[in-house]
Amino acid sequence: MAINMYRTVILLLMIHLVQSRDETVINFVRDFILYEQKPTDLVLSGLCWEKHNQIKLVNTVSKIGVRSSSFSKFKCKFQFHFVLLLIDLSCPGTEHVLLNATDEKLFTSPFRWLVLSNENSGRSREILYSRPLLPDSELVLAEQTAEGFKLIELHRPSINISMISTPRGFYNGSLVDTRPYKNLFRRRRDLKGHYLTISNVIQDSNTTKYHLVQEDRQELQYDAVAKICWISALHAFEMLNATPRYIFSYRFGYKVNGQWSGMIHDIQLNKADLGTNCVVFIDRMEVVAYTDTVAPMRMRFVFRQPPLSYVSNIFSLPFSRNVWIAIAVCSVACTATFYLTSKWELKFETNPTQLDGSIGDALLLTMSAVTQQGCYIEPRRMPGRVMEWVFFAGLMALYAAYSANIVVLLQAPSNSIKTLAQLATSKIDLAANDLDYNRFVLSPAQTLTDPIHQSIHDRIDDGNGKGKYYHIYEGVERIRKGLFAFHSIVEPVYHRVEKTFLESEKCDLTEVDFINSFDAATPVKKDSPYIELLRVVYKQLREVGILSVLNKRLQTPKPHCSNKLAAFSSVGLMDLIPVLLLMMYGILFSILIMLLEMAHYRLNNYYQVKRKLNWW
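Going letter by letter, the sequence shown gives residues -20 to -1, 1 to 596 in mature numbering (1 follows the signal peptide of the UniProt record, and there is no 0).
Watch out, some of these pointers could steer you wrong.
[What the hints assert, rightly or not] With a straight-line Cα cutoff of 30 Å, these simulated DSSO-like cross-link-like pairs (lysine-lysine) come out:
#, residue 1, residue 2
1, 189, 538
2, 532, 461
3, 479, 461
4, 446, 398
5, 85, 130
6, 189, 446
7, 407, 448
8, 172, 85
9, 172, 162
10, 446, 235
11, 532, 189
12, 538, 486
13, 519, 85
14, 538, 407
15, 189, 461
16, 479, 407
17, 251, 172
18, 398, 532
19, 486, 407
20, 172, 479
21, 189, 251
22, 479, 251
23, 398, 486
24, 189, 235
25, 189, 407
26, 189, 479
27, 448, 235
28, 18, 506
29, 162, 189
30, 162, 43
31, 519, 18
32, 172, 189
33, 448, 461
34, 461, 446
35, 18, 162
36, 479, 538
37, 506, 172
38, 486, 448
39, 506, 486
40, 519, 506
Please keep in mind that the hints were generated in silico from the structure rather than gathered at the bench.
Using the sequences and the hints given, assemble the complete structure.
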């Protein structure tokens, strides 16, 4: 009887110890989730616990708002950051779970892992230490001890570097965090000399291959974006304790017949970890993710605004509409006054240089005053002369103001082209820099969906294989001459402008965006374990001003206009078109009047002769 009672006590103590251990594990999982303070969906991956313990775990975590489920295929990628996978290395079948997780890429961000371990998990532990737990992974190994759990973080800088174990904390009824930093970047930023490769896009000159690596700031007009990206990458790699490597590519990367080319192809095949700044296109986001705008790379049409005389009649612009109406009314009033005074003067005397009292002479005198030409006939009495003097004096002041405004308007740009639609309908000649990216941006595949883009493509590329593609030197020279828009990355264009343009020629430079895209950014492979590290270090480089310094040293901003008022421009035929048209219309009108007078003269003679014949 005593023996049976002894056995019963022993059994009860063992049951209590087991239940106490199970209770500790469940409470640890709950406290771990609470300490993380992240939205969590708990996934029980191959747990071999007894059914009532699994139910108790699910009930416990549900009280803190955490959903639980068994391991399954994840479908909604927008909720991956909720997932916390829980496994127990002492359970049979854990090896299969770890191998499957590797195949499914579940050790990468944003998945999180909590791995329970004890003295019975030797084989599974070995498999865990061979997994690709790269810098973006979040795996916590909880080793069970007599007091509770010891927490260890596992990761490796690269596949070829051994696993790194970092103490995270311990659990003895309450969770204690011993990490120096809670930020994952600060704990994983040491890559232990791992090689990171950047693909540099070279398009302007092959000499960039030498000058880029030497960092000698030579030939800044060529591939400035690639040089800035390379130097920035060197600083970023140094901050991550990574070893830099580089390769070169001759195009940014475009999808042709379902295959990528250039830099994007290098990143896709893991030949490079990141690349030179490139424009954000939606199809590229299938392969890469973008980090930061290291160097501005704006594709624009650059041109000088056409002269004001090119788009409007400058001879009507010096005065407002109301002023022109006032001048016309005054001229009519003066004509009537001259007519009345000339009628009155005829009562006293007649003179060859005197107005003959007709409306024609009065109108001739008025037009002579308006045009500041003078007239050989004039009033002979005081009232008419006073009226003539007042009219000429007022028109002289108007003429001085008109002439001054005309001089300014002849030198003024029109500022009439501000949008792509206005550029497409203008008479300005359009062309593009003869580089690879323009062949893609201006291709029919990119412009076919929009009529404005299509019309610009048709004006640049006629479909015969030639097109208006010029070297940057020729394109900038055509911009200087005017009435020419050149599509290119603007920074090398401005570098050439600074060397070849006069100061006055820089004042009317204008840009019009063609592709309407986001700012160019540095591409990194979409599933790269280093993407978050690179994002952070590039932002740090921007915050401390390194990127700003590099851009100011190697890039050329839009030139400033320093002496706009001192500009001098000669008058061409285009500026005189309204005057020439007026002269042409005047000549035609005079010829018409001459023909009418000749017809009137002949008809008058005809009727006089006819009357004489009828009289006889």
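Here is how each hint holds up against the structure:
no.: 1; hint: 189 x 538; result: holds, 27 Å
no.: 2; hint: 532 x 461; result: holds, 28 Å
no.: 3; hint: 479 x 461; result: holds, 15 Å
no.: 4; hint: 446 x 398; result: holds, 28 Å
no.: 5; hint: 85 x 130; result: holds, 26 Å
no.: 6; hint: 189 x 446; result: holds, 29 Å
no.: 7; hint: 407 x 448; result: holds, 15 Å
no.: 8; hint: 172 x 85; result: holds, 23 Å
no.: 9; hint: 172 x 162; result: holds, 20 Å
no.: 10; hint: 446 x 235; result: holds, 23 Å
no.: 11; hint: 532 x 189; result: holds, 21 Å
no.: 12; hint: 538 x 486; result: holds, 9 Å
no.: 13; hint: 519 x 85; result: holds, 27 Å
no.: 14; hint: 538 x 407; result: holds, 24 Å
no.: 15; hint: 189 x 461; result: violated, 33 Å
no.: 16; hint: 479 x 407; result: holds, 27 Å
no.: 17; hint: 251 x 172; result: holds, 20 Å
no.: 18; hint: 398 x 532; result: holds, 27 Å
no.: 19; hint: 486 x 407; result: holds, 21 Å
no.: 20; hint: 172 x 479; result: violated, 46 Å
no.: 21; hint: 189 x 251; result: holds, 18 Å
no.: 22; hint: 479 x 251; result: violated, 39 Å
no.: 23; hint: 398 x 486; result: holds, 17 Å
no.: 24; hint: 189 x 235; result: holds, 25 Å
no.: 25; hint: 189 x 407; result: violated, 40 Å
no.: 26; hint: 189 x 479; result: holds, 24 Å
no.: 27; hint: 448 x 235; result: holds, 24 Å
no.: 28; hint: 18 x 506; result: holds, 24 Å
no.: 29; hint: 162 x 189; result: violated, 41 Å
no.: 30; hint: 162 x 43; result: holds, 26 Å
no.: 31; hint: 519 x 18; result: holds, 24 Å
no.: 32; hint: 172 x 189; result: holds, 28 Å
no.: 33; hint: 448 x 461; result: holds, 17 Å
no.: 34; hint: 461 x 446; result: holds, 23 Å
no.: 35; hint: 18 x 162; result: holds, 13 Å
no.: 36; hint: 479 x 538; result: holds, 13 Å
no.: 37; hint: 506 x 172; result: holds, 23 Å
no.: 38; hint: 486 x 448; result: holds, 24 Å
no.: 39; hint: 506 x 486; result: violated, 42 Å
no.: 40; hint: 519 x 506; result: holds, 18 Å
When each numbered hint is compared with the structure, violations occur for hints 15, 20, 22, 25, 29 and 39.
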